[in-house]
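Based on the hints, put chains B and C in the right spot on chain A.
Chains as they are written, first to last, in the numbering used here: chain A, 139 to 364; chain B, 1051 to 1324; chain C, 696 to 981.
If you're looking for bench data, these hints aren't it; they were derived computationally from the structure. One or more hints might be untrue.
What the hints assert, rightly or not - Derived DMTMM-like pairs: lysine to aspartate or glutamate, alpha-carbon spacing no greater than 20 Å straight-line:
1) Lys1065/B / Asp1095/B
2) Lys709/C / Glu733/C
3) Lys848/C / Asp1213/B
4) Lys709/C / Asp756/C
5) Lys928/C / Asp852/C
6) Lys1065/B / Glu217/A
7) Lys1065/B / Glu214/A
8) Lys848/C / Glu920/C
9) Lys848/C / Asp1212/B
10) Lys780/C / Asp756/C
11) Lys928/C / Asp918/C
12) Lys780/C / Glu733/C
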Amino acid sequence: MIQVSDLSKSFTLHNQGGAVIPVMAGATLSVAPGECVGLTGASGAGKSTLMRMVYGNYLAAEGSIRVGDLDVAGAEPREIIALRRRTLGYVSQFLRVVPRVPTIEVVAEPLLVLGVARDEARGRAAALLARLNIPERLWALSPTTFSGGEQQRVNIARGFVHGYPALLLDEPTASLDAANREVVLELIEEAKARGAAILGIFHDEGARARVCDRLVDVTCFTPGLA
Amino acid sequence: MTGRIFYENSEISQKFRGAERPLLAVRGLTKRYGARIGCAEVSFDLWPGEVLGIVGESGSGKSTLLSCLAGHLAPDEGEVVFDTADGLRDTVAMAEAERRRLARTDWAFVHQNPRDGLRMGVSAGGNVGERLMAVGARNYGTIRGQALDWLGRVEIAADRIDDRPRAFSGGMQQRLQIARNLVTGPRLVFMDEPTGGLDVSVQARLLDLLRGLVREMGLSVIIVTHDLAVVRLLADRLMVMKGGRVVEQGLTDQVLDDPQHAYTQLLVSSVLQV
Amino acid sequence: MSDYNFAYLDEQTKRMIRRAILKGVAIPGYQVPFASREMPMPYGWGTGGVQVTAACLVPEDRLKVIDQGADDTTNAVSIRRFFQKTAGVEVTEATAEATIIQTRHRIPETPLTEGQIFVYQVPIPEPLRFLEPRETETRRMHELEEYGLMHVKLYEDIARHGTIATSYDYPVRVEGRYVMDPSPIPKFDNPKLSGNPALQLFGAGREQRIYALPPYSQVVSLDFEDHPFVASKAEHDCDLCGAADSYLDEVITDDQGNRMFVCSDTDYCRGRRAAGQVGRLGGEAA
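Just chain A, with the same shape it has in the complex (with noise of 0.2 Å):
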């Protein structure tokens, strides 16, 4: 489902006297539907830009990131925009909304983009919330306002209300107590069981332990380190 082939990346820092800074080379690993990838290494080895690449948000200097049919790498932008409407789901840990905008409209957003009927879409992210112990009364208001643990699990419930075929978890349950993080676990073993091809990164080594079904060390991609 994804399939990174020799995939390479530099930064030209354009402001600071045009400073390359090589980030990553042959980069190859895939992700087979229901199975759950970890990415392994040490803080800036390059976990977060490969995951960042394959969803497209940084360009590729060289290599196919191959997601579904289409290669991410080569595509036209709207062509990535569907890839994320319907296939490629994206929890990362940042919450970026519109201030002001309710909780639950946050979460129904992504179904509602893709067409699903209004009281469906919130009807699913309400079950989702509750799942995840967002209290009923919060979800009338904006996610800007809530604590990070909180805002954390909005995110999380914004990335699985679409069974995407494809997932990018980038460390779904830093900032999460016990309870909320079973749930999350949960959620992604379901996600595995109905065949969600899943790529992530899990500093929490009990939850890598349990969902991840194969590591893949990114220092070996790692200009000057491999």
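What follows is chains B and C alone, placed relative to chain A:
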């Protein structure tokens, strides 16, 4: 239908042939002010339902480009091909009567200053109803009903329908301008700094409203702004302009998070973080 | 008489005005610009109408001049005398006998006939001026037939008053093309604009515009389906002649608030009374 014949063999007509095709195709659009460049050699496609942000500092040519696209300014060179009900038409070469008809049916234009886009001496209902009447609506009850519906959609209380926009706050005026523009169900909306003169709290409400309308109506939008936060929340794609030229374009979050061009890097790094 | 060129204006000016009139006739409802001359009367007293009349007059004409329907008001009397003095034409107060009629704010009750020329004095010829003050823009709107704004005006009327409150200067569309200002005639007179056998000419002196309705032009008053145009008048009969079908002026008769309604068309009223028709107060007032 000279427009159709004209595009028979071009690269654009190839692109427009499929079932899924762009709404607008811009090629080599150039506007000069004497020796000075307004905008130069701008080319892009806009697809149905897509929101395209155009960013750049003052004088980068983004407003000139928007004016040329919307037919308010005649470009010196280039094509702006729109997928009209009658087939592909180059709106630059089109007769003015036709272009103006397009401007009040399939197109809409939201000005930065609501005073430029509203009739300040006409009631809110009359402002919303004008486009309906311009395309031939002749039933007062129906026009008023639609005006009421639209005031509701932009969150203006029904009992303000007979008030003039002078009595409205800036945010309300801007929402009224949006209602007035969208009432005829346009397919392409041009926006020039729509949140420009508004307080931050009012901006958020407007952004939320715009996102909802874009999604529900399947609108294609070209939005010009210098506010990167606005495009991050609203735009699917981004074009960065400098000195009248497009220096970088791509997915909005990609351009903002992994800018390639020196100017974009400067622009992104200059934003104050909160 | 020898002190003046016939009908006051020099022949070159008349020629220029006739050209404008011909163009106006060729494009019904279209406002033709013309080089309005200084006239020996102030703007607002009919300088546009006077120039059109002067350009149309021939020595055989019989002229009638009315102001708000009356032949005997100052404005009507001075214009009539002006042409008596400068053109030496015959004058009349009888609508049916006139060959040219100049009017301010009325169309006579007696139907006009083929061969008659009916000249309106127009203060503001631009019907779109109310909402769009830019002349360049209004001309373009006429060019492109962008007339939605006229209905905005009517919409505002209904929104504010519950009904179309515009009672005079009521906008019309001519032959399905140009929207035209019929001059400040009461909307009661609007139906008479359409299908009229006479040639109707409109002159705006200060604004330097001439426009025309050739005989039998189709003229439609703008309205909404659910608020149709109604040619209304006061709900009374004429207190002098008893006419139920003529446009009425309200006259306050004393300090106690007593009032009477009389035909605004003095010729029509006089004709009916001469034929023996008597209204509520017809006996004593006569």
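Going down the list of hints, with the structure as the test:
For the hint pairing Lys1065/B with Asp1095/B, the CA-to-CA distance comes to about 10 Å; that is within 20 Å, so the pair holds. Note on Lys709/C and Glu733/C: the hinted pairing holds, with a Cα-Cα distance of about 13 Å set against a maximum of 20 Å. Straight-line distance between C-alpha atoms of Lys848/C and Asp1213/B comes to about 15 Å, which keeps the hinted pair within the 20 Å bound. A C-alpha spacing of about 16 Å is found between Lys709/C and Asp756/C, which places the hinted pair at or below 20 Å, so the restraint holds.
Under the criterion of a C-alpha separation no larger than 20 Å, the hint pairing Lys928/C with Asp852/C is consistent with the structure, at around 18 Å. Between Lys1065/B and Glu217/A, the direct Cα distance comes to roughly 15 Å. Compliance with the 20 Å bound is thereby established for this hinted pair. Of the pairs offered as hints, the one joining Lys1065/B and Glu214/A holds, with about 14 Å between alpha carbons and a cut-off of 20 Å not exceeded. Between Lys848/C and Glu920/C, the direct Cα distance comes to roughly 15 Å. Compliance with the 20 Å bound is thereby established for this hinted pair.
Restraint check for Lys848/C and Asp1212/B: the C-alpha separation of about 13 Å stays at or below 20 Å, so the hint holds. Between Lys780/C and Asp756/C the alpha-carbon distance is near 14 Å, which keeps this suggested pair within the 20 Å criterion. Among the hinted pairs, Lys928/C with Asp918/C is consistent with the structure: their alpha-carbon atoms are about 18 Å apart, no more than 20 Å. Between Lys780/C and Glu733/C the alpha-carbon distance is near 18 Å, which keeps this suggested pair within the 20 Å criterion.
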